[in-house]
Amino acid sequence: MREKLVCRTCEAVTQPPAPSHPIARGRAGPKLLAHVLFAKYGLHLPLNRQSDVYQHEGIDLDV
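Just so you know, the UniProt record's numbering puts the end of the sequence shown at 63, numbered straight through with nothing missing.
Keep in mind the hints are simulated off the structure, nothing from the lab.
Possibly wrong hints are sitting among the right ones.
Label pairs and their in silico Cβ distance ranges [claimed, not checked]: (1) V13 to A39: 18 to 28 Å; (2) D62 to Y41: 13 to 23 Å; (3) Y54 to R25: 56 to 66 Å; (4) C7 to R49: 24 to 34 Å; (5) P46 to P17: 34 to 44 Å.
Even for Gly, the Cβ is constructed at its ideal location relative to N, Cα and C.
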């Protein structure tokens, strides 16, 4: 959620630009990508097992 700011002088409403995503037009943010990469390379957890963990939590990922 981004905050909207109002100029007290001219009452113009401004909003900062949305943060960019690591993958253009992608839904995954930097935190999710960092978690997936850490689990894969840091914890040696294969992507199919990560997908099973996410599916158990109700998140459907296509691997």
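* Provide an ascending list of the numbers of those earlier hints which the structure does not satisfy. => 1, 3 and 4
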